[in-house]
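Given the sequences, and given the hints that come with them, work out the whole structure.
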Amino acid sequence: MNLWPRRVLLTCASMLLSSPLWATTPAPSSDAEGKCSLIIHVTGFRNTKGALGAELFTSSAGWPEDVDKSYRHDHFPIEGDHATAHFDHLPAGKYAIVVLHDENENKKLDRNIFMVPKEGFGFANNPHVLLAAPPIEKATISVTCPSTTTNVHLIYK
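Following our numbering from start to finish, the sequence shown increments by one per residue and tops out at 157.
A couple of the hints might just be wrong.
Result set (SDA-like, lysine to any residue): computed pairs, CA atoms no more than 25 Å apart in a straight line [said to hold, decoys possible]:
no., residue 1, residue 2
1, K138, T148
2, K107, V67
3, K108, V67
4, K94, S147
Derived CB-CB ranges, DEER-like [to be verified]:
no., residue 1, residue 2, range
5, K35, D110, 34 to 44 Å
6, H41, E105, 19 to 29 Å
7, K157, H89, 26 to 36 Å
8, E65, N125, 11 to 21 Å
9, R72, N104, 16 to 26 Å
10, V67, H41, 13 to 23 Å
If you're looking for bench data, these hints aren't it; they were derived computationally from the structure.
Glycine included, C-beta positions come from ideal geometry on N, C-alpha and C.
Quick look at the structure:
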């Protein structure tokens, strides 16, 4: 019995499954390594307490709340009813974006006893949110050089 066709098929299947084509969100390109900027304009703050937290994800690991698994994250000042997050030195690529009105600056989304968020949050592309965060694909944008700008409106539940 000749196993060659079976081995070829298994090898091809293995290569396809490990290919970046199957990744939820493709990793940033090395073509423009660290030469791009992302500007996120956030509106809809209910007050000026705290800061804006912003996270960028390049994979679904940790999406959307695990800061340690985000590609980049930072806090930015609130200016009246808006804030701007600015990330420099990014490779061109796809990034999922989540933002948080961190009113008490504890660097996490606070929830009530029913697990409903007590602070404002939002996602790139402003997807409709009911009881759970949207899939990462719905909050992903392409960042190109020299600069990409997007707008996010906060949601308070």
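Hint-by-hint comparison with the structure:
no.	hint	result
1	K138 - T148	holds (17 Å)
2	K107 - V67	holds (9 Å)
3	K108 - V67	holds (8 Å)
4	K94 - S147	holds (13 Å)
5	K35 - D110: 34 to 44 Å	holds (36 Å)
6	H41 - E105: 19 to 29 Å	holds (21 Å)
7	K157 - H89: 26 to 36 Å	holds (34 Å)
8	E65 - N125: 11 to 21 Å	holds (18 Å)
9	R72 - N104: 16 to 26 Å	holds (22 Å)
10	V67 - H41: 13 to 23 Å	holds (21 Å)
When the structure is compared with the earlier hints, no violation turns up for any of them.
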